[in-house]
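The numbering of the sequence shown is numbering that gives the first Met the number 0, which starts it at 0 and goes up by one.
Source of the hints: derived by calculation from the structure; they are not laboratory data. All values derive from a computational prediction rather than experimental measurement. Any given hint could be a false lead.
[Claimed, not checked] Simulated pairs of lysine-lysine, DSS-like, Cα-Cα distance not exceeding 25 angstroms:
#1 K258 / K284
#2 K5 / K50
#3 K121 / K187
[Claimed, not checked] Restraint-style ranges between C-beta atoms, simulated for each label pair:
#4 E243 / E36: 23 to 33 angstroms
#5 D182 / G271: 51 to 61 angstroms
#6 E243 / V39: 47 to 57 angstroms
#7 P12 / N117: 25 to 35 angstroms
#8 S28 / E58: 13 to 23 angstroms
#9 G215 / T84: 17 to 27 angstroms
#10 Q24 / S184: 19 to 29 angstroms
#11 Y277 / Q24: 17 to 27 angstroms
#12 E58 / N105: 23 to 33 angstroms
Here a beta-carbon is modelled for each residue, glycine too, at the ideal position from N, C-alpha and C.
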Amino acid sequence: MKEIDKVLLIVNPISGGINKRNINQKIDSEVSKLNAELEVYQTTGENDQKKIKNLVASETFDRILIAGGDGTIKLVAEALLPHKTPIAIIPAGSANGLALNLGIPNDLQEQLNIAFGNTVTKMDVLEINGELCLHMGDLGINAELIKNYQKSRIRGKMGYLLQSIPTLLYSKYPFEFEIQMEDKSFTKEGILLAFANAKKYGTGANVNPKGKINDGVFELLLFKNFNMLEILKTLRNETEVNSEFVEIIPLKEARVYCKNPVSFQIDGEYIGEEEEIYVKISPEKLSITTY
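With the sequences and hints as input, model every part of the structure.
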C-alpha cells in the first residue's frame with residue numbers, strides 16, 4: 000500500500016457525550032510519527048455531507064479517520080461513495096454497531112494501529128429506500144424500541160432495557176410482511192424483519208451469526224415470534240439460531256410490502272413508519288481498514 004502522506008480526521012464533537020480532545024491529540028501524535036499532514040474537520044450539523052464531499056474532491060487524502068458513532072460514519076460514507084480512499088473508524092458515539100461488527104477494540108492505540116495499517120476490506124453497503132445502510136436495518140419491534148429509546152433521557156444498554164417493557168406492552172405485533180424476491184413471493188407474519196449486512200446489532204445481539212460484510216449479499220431475517228430463550232442466545236453470541244425462531248434468506252435484492260405502516264430503522268436511527276421497502280446491495284463498496 001502507498002505511503003500515507005495526508006490524513007483527514009472527521010470528528011463529531013458531541014457524539015456519545017465524549018470529549019474528543021484526547022482522541023484528537025493522540026491522532027495528531029500518530030500522524031506526526033508518519034511524517035504526514037493532518038487536516039481536521041469537525042461536524043456542525045449544517046451541510047456537513049456537502050462540505051465533506053467538496054473537501055475530499057478538492058484535496059488528496061491517503062486515509063480518512065472518523066471519530067464518532069454510526070450516524071457520523073453513515074454521513075461520511077454517503078459523502079465519500081464512490082471515492083476509494085480507505086476510511087478508519089475511531090468509535091466514539093452512543094452507537095458503535097459497525098465498529099463492533101468489524102471487531103475494532105476499545106483501546107485507542109489499537110484502533111490507530113488498525114487505522115494506519117495495511118489491511119483494507121472492500122465492504123458491502125445496502126441501499127434501503129434510497130438510504131445507505133452499513134450494518135443493519137429493520138421493520139418491526141426493534142425499530143419501535145429505538146423510537147422509544149431516542150425519546151428517553153437514559154442512554155446506553157440500560158436505556159434500551161428500560162424501554163423494552165413498554166415497547167413490548169404496546170406494540171401491535173405480529174406484523175404482516177409480503178416479501179418479493181427474484182424467483183418467488185410470499186407473505187408471512189413476524190415481530191421483526193431485518194436486512195443484515197453484518198452479524199450484530201449495536202447492542203451486541205448476534206442475530207446473523209454467518210453474516211459477512213464483504214460477501215456480496217445481505218441476509219433477510221424474519222423473526223417469527225417473541226421467544227425469550229432465543230433472544231438470550233443471541234445476546235450470548237451463540238453461533239447458531241433456531242429456524243423456528245428466525246428464518247434467514249441470503250439475497251442481493253428484495254421488496255417488502257407491509258399490510259399496515261410499520262416502524263423502520265437504519266443503523267440504529269429511527270426513520271419512521273413505512274409500508275414499502277426496497278433493499279439491494281449497492282454497486283459501490285466502502286474501503287475500510289480492518290485487522
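Cross-check of the supplied hints:
1. A distance of roughly 33 angstroms separates the Cα atoms of K258 and K284; the hinted pair therefore is violated under the 25 angstroms criterion.
2. Of the pairs offered as hints, the one joining K5 and K50 holds, with about 18 angstroms between alpha carbons and a cut-off of 25 angstroms not exceeded.
3. Straight-line distance between C-alpha atoms of K121 and K187 comes to about 34 angstroms, which puts the hinted pair past the 25 angstroms bound.
4. Look at E243 against E36: about 56 angstroms separates their beta carbons, and that is not inside 23 to 33 angstroms.
5. Distance hint check for D182 and G271: the Cβ-Cβ separation is about 30 angstroms, which falls outside the suggested range of 51 to 61 angstroms.
6. The hinted window of 47 to 57 angstroms between E243 and V39 holds, with their beta carbons roughly 51 angstroms apart.
7. As the Cβ distance of P12 to N117 is approximately 30 angstroms, the hint placing it in 25 to 35 angstroms holds.
8. Look at S28 against E58: about 22 angstroms separates their beta carbons, and that is inside 13 to 23 angstroms.
9. A beta carbon spacing of about 22 angstroms between G215 and T84 agrees with the range 17 to 27 angstroms that was offered as a hint.
10. One distance hint, 19 to 29 angstroms for the beta-carbon pair Q24 and S184, is violated here, with the actual separation near 55 angstroms.
11. About 44 angstroms separates the C-beta atoms of Y277 and Q24, a value inconsistent with the hinted range of 17 to 27 angstroms.
12. One distance hint, 23 to 33 angstroms for the beta-carbon pair E58 and N105, holds here, with the actual separation near 31 angstroms.
Of the numbered hints stated above, those contradicted by the structure are hints 1, 3, 4, 5, 10 and 11, listed in ascending order.
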